[in-house]
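Order-wise, the sequence lines are chains Z and S.
For the first sequence, our numbering begins at 61 and goes up steadily by one.
For the second sequence, our numbering begins at 61 and goes up steadily by one.
These are calculated hints, taken from the structure and not from any lab test.
Please note that the accuracy of each hint is not assured.
[Said to hold, decoys possible] Covered stretches of chain Z (in silico footprint by chain S; criterion: 3 or more residues with CB under 8 Å from a CB of chain S, positions within the stretch not fixed):
1. 87–97
2. 126–134
3. 183–195
4. 200–206
5. 217–228
6. 269–278
Computed from a predicted model, the values in this text were never measured in an experiment.
Every residue gets a Cβ at the ideal spot worked out from N, C-alpha and C, and that includes glycine.
2 protein chains.
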Amino acid sequence: MLQTTALLTDHYELTMVRAALGSGTAFRRSVFELFARRLPEGRRYGVVAGTGRVLDALENFRFDEETIAFLREHDVVNDDLATWLADYRFSGDIWGYPDGELYFPGSPIMVVEGSFAEACILETLLLSIYNYDSAVASAASRMTAMAGHRPCIEMGSRRTNEWAAVAAARAAYIAGFASSSNLEAGRLYGVPTAGTAAHSFTLLHDTEEDAFRSQLAALGNDTTLLVDTYDVTAAVTLGVELTQGRLGAVRLDSGDLLTLAGDVRRLLDSLGAVNTKIIVTSDLDEYQIAALRAAPVNGYGVGTSLVTGSGAPTCGFVYKLVSRAESDQAEAPLLPVAKKSTNKTSIGGRKFALRRVSPSGIAEAEVIGIGAAPRGDSNDRPLLQHLVSGGEIIGREPLSAARERHASARAQLPSEAFKMSKGYPAILTTVLDAEGEQTFNPYAPQG
Amino acid sequence: MLQTTALLTDHYELTMVRAALGSGTAFRRSVFELFARRLPEGRRYGVVAGTGRVLDALENFRFDEETIAFLREHDVVNDDLATWLADYRFSGDIWGYPDGELYFPGSPIMVVEGSFAEACILETLLLSIYNYDSAVASAASRMTAMAGHRPCIEMGSRRTNEWAAVAAARAAYIAGFASSSNLEAGRLYGVPTAGTAAHSFTLLHDTEEDAFRSQLAALGNDTTLLVDTYDVTAAVTLGVELTQGRLGAVRLDSGDLLTLAGDVRRLLDSLGAVNTKIIVTSDLDEYQIAALRAAPVNGYGVGTSLVTGSGAPTCGFVYKLVSRAESDQAEAPLLPVAKKSTNKTSIGGRKFALRRVSPSGIAEAEVIGIGAAPRGDSNDRPLLQHLVSGGEIIGREPLSAARERHASARAQLPSEAFKMSKGYPAILTTVLDAEGEQTFNPYAPQG
Numbered sequence: 061m062l063q064t065t066a067l068l069t070d071h072y073e074l075t076m077v078r079a080a081l082g083s084g085t086a087f088r089r090s091v092f093e094l095f096a097r098r099l100p101e102g103r104r105y106g107v108v109a110g111t112g113r114v115l116d117a118l119e120n121f122r123f124d125e126e127t128i129a130f131l132r133e134h135d136v137v138n139d140d141l142a143t144w145l146a147d148y149r150f151s152g153d154i155w156g157y158p159d160g161e162l163y164f165p166g167s168p169i170m171v172v173e174g175s176f177a178e179a180c181i182l183e184t185l186l187l188s189i190y191n192y193d194s195a196v197a198s199a200a201s202r203m204t205a206m207a208g209h210r211p212c213i214e215m216g217s218r219r220t221n222e223w224a225a226v227a228a229a230r231a232a233y234i235a236g237f238a239s240s241s242n243l244e245a246g247r248l249y250g251v252p253t254a255g256t257a258a259h260s261f262t263l264l265h266d267t268e269e270d271a272f273r274s275q276l277a278a279l280g281n282d283t284t285l286l287v288d289t290y291d292v293t294a295a296v297t298l299g300v301e302l303t304q305g306r307l308g309a310v311r312l313d314s315g316d317l318l319t320l321a322g323d324v325r326r327l328l329d330s331l332g333a334v335n336t337k338i339i340v341t342s343d344l345d346e347y348q349i350a351a352l353r354a355a356p357v358n359g360y361g362v363g364t365s366l367v368t369g370s371g372a373p374t375c376g377f378v379y380k381l382v383s384r385a386e387s388d389q390a391e392a393p394l395l396p397v398a399k400k401s402t403n404k405t406s407i408g409g410r411k412f413a414l415r416r417v418s419p420s421g422i423a424e425a426e427v428i429g430i431g432a433a434p435r436g437d438s439n440d441r442p443l444l445q446h447l448v449s450g451g452e453i454i455g456r457e458p459l460s461a462a463r464e465r466h467a468s469a470r471a472q473l474p475s476e477a478f479k480m481s482k483g484y485p486a487i488l489t490t491v492l493d494a495e496g497e498q499t500f501n502p503y504a505p506q507g
Numbered sequence: 061m062l063q064t065t066a067l068l069t070d071h072y073e074l075t076m077v078r079a080a081l082g083s084g085t086a087f088r089r090s091v092f093e094l095f096a097r098r099l100p101e102g103r104r105y106g107v108v109a110g111t112g113r114v115l116d117a118l119e120n121f122r123f124d125e126e127t128i129a130f131l132r133e134h135d136v137v138n139d140d141l142a143t144w145l146a147d148y149r150f151s152g153d154i155w156g157y158p159d160g161e162l163y164f165p166g167s168p169i170m171v172v173e174g175s176f177a178e179a180c181i182l183e184t185l186l187l188s189i190y191n192y193d194s195a196v197a198s199a200a201s202r203m204t205a206m207a208g209h210r211p212c213i214e215m216g217s218r219r220t221n222e223w224a225a226v227a228a229a230r231a232a233y234i235a236g237f238a239s240s241s242n243l244e245a246g247r248l249y250g251v252p253t254a255g256t257a258a259h260s261f262t263l264l265h266d267t268e269e270d271a272f273r274s275q276l277a278a279l280g281n282d283t284t285l286l287v288d289t290y291d292v293t294a295a296v297t298l299g300v301e302l303t304q305g306r307l308g309a310v311r312l313d314s315g316d317l318l319t320l321a322g323d324v325r326r327l328l329d330s331l332g333a334v335n336t337k338i339i340v341t342s343d344l345d346e347y348q349i350a351a352l353r354a355a356p357v358n359g360y361g362v363g364t365s366l367v368t369g370s371g372a373p374t375c376g377f378v379y380k381l382v383s384r385a386e387s388d389q390a391e392a393p394l395l396p397v398a399k400k401s402t403n404k405t406s407i408g409g410r411k412f413a414l415r416r417v418s419p420s421g422i423a424e425a426e427v428i429g430i431g432a433a434p435r436g437d438s439n440d441r442p443l444l445q446h447l448v449s450g451g452e453i454i455g456r457e458p459l460s461a462a463r464e465r466h467a468s469a470r471a472q473l474p475s476e477a478f479k480m481s482k483g484y485p486a487i488l489t490t491v492l493d494a495e496g497e498q499t500f501n502p503y504a505p506q507g
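Construct the entire structure; sequences and hints are all you get.
Encoded structure:
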C-alpha cells in the first residue's frame, strides 16, 4: 500500500542518531519500552491494538534514495547518517503485548532491544500506531461489553482521518465489533464490511416508495431500510408492505431512540414483521448503548465516539530508554536508566510482564518486574510475545486470534471493570525487583 | 504515495449507487454540501483545512482492477457497478472554502455538483479529510492566537495515527504553527521541520556532559538542549559553559513551567547567556499557552492537545444532498431537498456564501443563501472558490497562500473571538432566501 513508512518519524529521532554516530554511542545495545503511565481518566482497563500493524510498518521502514535525498537536502542528516540509513533494517528483537490483550498502567506493551540507533528511530512510528489504535480498541471494548450479544457496527470513517479510519475499523473488530463500514479495512485486514443506504438515497428519489423499491430490488428483502427521512411510522409500514413482512431490518438515525425503538418494535410486530430487526445509529457511545439495553434493539452502529476514543483519543503511551550498555564495548552489560524529572515516573531495566489470575479465573494483578518472571501459579499468563527475532518478524497472526484473545482476556476481569462510571484500574500493577520482592507500586490509584 | 484512495469509502456509498443504477436514478444531476450544524461546544470560530488534500485524494480516487476484484468477490458491487467504477473519474464541479478560511455553523465548506453516483461516492473521503484536518487547524489557531509572536512547534505525531500525524502537521502550519517534528509533512507538503533530542539521548551517554558535547558537536551551538533529565540548574549551567554563552536554546519538558521558565531566564541572564532562548513543551494547550504569556518563554512545543483537536477531535461535518434533478431527463431542473428528522436541520438548495465585513474591516456575519449572492458592500468576501471544473482540478495553491489566508481572515474577527472561555460563534450565520431577504437563522446561539 505505502512505499515507505520511514518518514513517519519525528525530526529529532534522526538528529539524535546523527549526534550519537559522531560521538560513538550510536551502537550501544539499548532497550526501549513502550508503556502508559496511567489509563485515561476514570477508565478501568485498556485494550492493546496495533501490534500487527507495527509489524507491517516495520517491514516497510526503509530509507530509499528519494527519502535520503530529501533528508540530505534539508540538512536533517549528514553523510555518515545517510550511509547508515540507506542500509537500515531493524536487526534486533521485539517483544510485545499481542493485539487484543488488555493493558494497565505500567504494562510494557512493547520492548525493543537493539542498538540505540536502530531502536531509537522507531519511536514515532510505534507510538503513533499504538496510541491511536489502542485508544479506539479501548473505547470499542467498553461498547461491546455494554452491547452484550447485540452486534456493534463500526461506522466512524467519516469522522476521523481517512487512514486512521482504516486502523480504527481493525481495532474495533479486535475489540468485538461485528463489522465495519470501511472498505479498505475489508481489503487490507479482512474486517467484514456492511452498509446499505443514507438519507441522500431516499432524497434522490421522487418518493420514499421509489427509494425503498430500488434498494430492495438491488439488495434483497434482507436489507436494512433507513426509515427516518420523513415519517418513521409511514416508512416502517411501507417497508413491511413492500417485503410482505420479510424485511431484514430498519435503521433509526434520529430522535429519542429508547422510546422510538419500542414504538417501532410494536409497529413491526403488529404488522406481522416479527423477525424484522431494529438497528440504531445516532451519536451512540458506551453510555447510550448501556441506556438502550432495555430497548428492543438488535444492533448498534457507532461512529464518532468510537473513532475518537470516546473522550480519550490517545492513550498517552510513551517510549523510553530503560536500559543501555554500560560502555561502547561490544559485550558491555546493560545498565538500567531512568530520568528523574517530576511527575514523569519511569522504571529502569528490561521488564517481564504477566497477568496474575486466581484459581477461579479472575485477573488479580498485572505483575511486572526486572529480570526473569517468577515461577508463579499456573494460572499466571505471560503477556510479552516474541514478535521480532534478530530482525525477522515472527509474531504475525490472523486477526481472528486477536479478536478471540480480547474476548477471553476481558472475560477474566473482575465485574467492577464493567462499571461505566469513572473509577480506578480494575487490577493493580505490581512491580517486583530482581529477587521477586514487591518493591513499589508507582501506579497505585490516588486515594 | 498511495496507490488509490477509492476504498477509503463506506460500504453504503457503493450499495446506494448499485441500487440507483438499477432504478435509473444514478445519473440525476445532484448537489451535495459539506457543512457543520454547529461549532464544537463553546468554540467561537472554526478553521478550514483539508481542501488541498481533498484535491490530491480526488486525483487518486480510481478503481483499479485489484480494487474491483475485491468488491466483486465480497458482493459489494454487481456487474453494472463494476463496469461503471472501472471508468470512474469525477467529471463534475466542486466549489469550496479554501484552506485557511474560517467557518461557522452552516458554512457550505464544500459544494459538489455532478451525477448522484459520482458525487455520492466521495462522501466518506471528503468528510474524513475535513473532519480531522479542520479539527486540528481550529485548535491550532487558538494556540497561535494565544502565543502571539512566539512561535509554536507542532510535535504531536507520536500521539495520533501515523498518517493523521502528517495531515495534522499540515493543518497546524496553515493555522500559524512555525514548524513541525513530522518529516513526512516536510516531504509531502513542504512544512518546515525541526527537532533536536529527547531524554533517551541524554540517558544513552555516561554523563549529561557527554550527551551535550555530542549534540553540540553534531548540531552546533545554536541547537536546543533538553535540560530536565536530571537537574535543570546544573544542565543549564553546563550548556552555557560548553557554548561560552552562545547556546541557541534550552527546552523544559516538565515541572511548573511558569515558575521554572522565570528561574531559568534569571539563571541564563546571570551567566551572560542573554540570547539563549527558552522553549517549553510539556502537555501544552491553548489555555496553558495563554497562562504562560507572563513567563519569559520564547517558543511552545505542542503535541497531544493539538493532534486531538484540544477536546474536539472531529468537527461534526456532514455531507448532505441539498438539490437534485426533478426527473431522470438530462435537462431536468434542480429541486431543493432536505430531510425532516428531529434535531438534524439542513437547508435544501445550492448555496452561495460570503463573509460580511464592516467598513472598518471587522467580520460581522456569515451570509449564506440560495441562488445568487446579493450585491453587497464591497468589503464582503465571497467564500466559495471554484476548485474543480468539469472534472479538472483548478484550485491548487501553495501552502503559504493558505497560511496567509488564515492570518488575514482571523485578523478580521471581533475581539470576543479570542476569549478562551466557552462562548457562542463570534459572528452569526445569516440565511437569505432567493429574493435576498433574511428568512431564518437555524444556527443562532441558544440563549
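Hints that the structure is at odds with (numbers, increasing): 4
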